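Novice: Sequence:
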Amino acid sequence: MVEMLLSEGAEVNAADANHNTPLMLACHVGTATVVSLLLDYRADTTMKDDKGWMADDAAVIAGHHKCSQLIAEHNAHLKTPAATVSKQTTYSGDMPPSSLKPTAYLGLMLGEMADGS
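Residues in the sequence shown are numbered consecutively from 1, following the numbering used here.
In case anyone wonders, no lab produced these hints; they're calculated from the structure. A quick note: this is a predicted structure, and the numbers were derived from the prediction, not measured. Just so you know, not all the hints are guaranteed correct.
[What the hints assert, rightly or not] Okay, the calculated beta carbon distance ranges per label pair: (1) Tyr41 / Ala72: 15 to 21 Å; (2) Arg42 / Gln69: 25 to 31 Å; (3) Met4 / Lys51: 16 to 22 Å; (4) Arg42 / His19: 28 to 34 Å; (5) Ala17 / Glu73: 26 to 32 Å; (6) Glu8 / Thr33: 15 to 21 Å; (7) Asn18 / Tyr41: 27 to 33 Å; (8) Tyr41 / Ala62: 28 to 34 Å; (9) Ala76 / Glu8: 25 to 31 Å; (10) Glu3 / Gly52: 26 to 32 Å; (11) Arg42 / Met1: 16 to 22 Å.
For glycine and all other residues, C-beta sits at the position ideal for the given N, C-alpha and C.
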């Protein structure tokens, strides 16, 4: 589902009202395959949520070391400390799911995974 949304043009760095990106949410729940996929689609590893934490912080705090390792390897492959920062797209939560673009739906889906829904 995530790959389909990304291939249909979902913004990989879209953020929710708390500035959580799909990469942060995937790291929080420990879905290494989704983390890897998001990194393949050039997810920005330097974006910060409203608490100032990045995706790697979410992975480490939640004990998902494989996700943290994937980010470290990705950043090392880029031969820079972190990926280039890009513009965040914020989802306000006011739109009904039927009217969501793939970007917003990707964020909602991963947000529900993080919430345990």
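Novice: Now look at each hint and say whether the structure bears it out.
Specialist: Against the structure, the hints come out as follows:
Our hint of 15 to 21 Å for Tyr41 and Ala72 holds, since their Cβ atoms are close to 18 Å apart. Checked against the given bound of 25 to 31 Å, the beta carbons of Arg42 and Gln69, roughly 18 Å apart, lie outside it. Our hint of 16 to 22 Å for Met4 and Lys51 is violated, since their Cβ atoms are close to 31 Å apart. Against the hinted window of 28 to 34 Å, the Cβ-Cβ separation of Arg42 and His19 comes to about 18 Å, which falls outside the hint.
Ala17 and Glu73 have their C-beta atoms about 31 Å apart, which keeps the hinted 26 to 32 Å range intact. Range check, Glu8 to Thr33: Cβ separation about 19 Å, and the 15 to 21 Å hint holds. Look at Asn18 against Tyr41: about 22 Å separates their beta carbons, and that is not inside 27 to 33 Å. With their beta carbons about 22 Å apart, Tyr41 and Ala62 fall outside the hinted range of 28 to 34 Å.
Separated by about 30 Å at the C-beta atoms, Ala76 and Glu8 satisfy the suggested range of 25 to 31 Å. A beta carbon spacing of about 30 Å between Glu3 and Gly52 agrees with the range 26 to 32 Å that was offered as a hint. At about 19 Å, the beta-carbon gap between Arg42 and Met1 stays in the expected band of 16 to 22 Å.
Hints 2, 3, 4, 7 and 8 from the earlier list are contradicted by this structure; the remaining hints agree with it.
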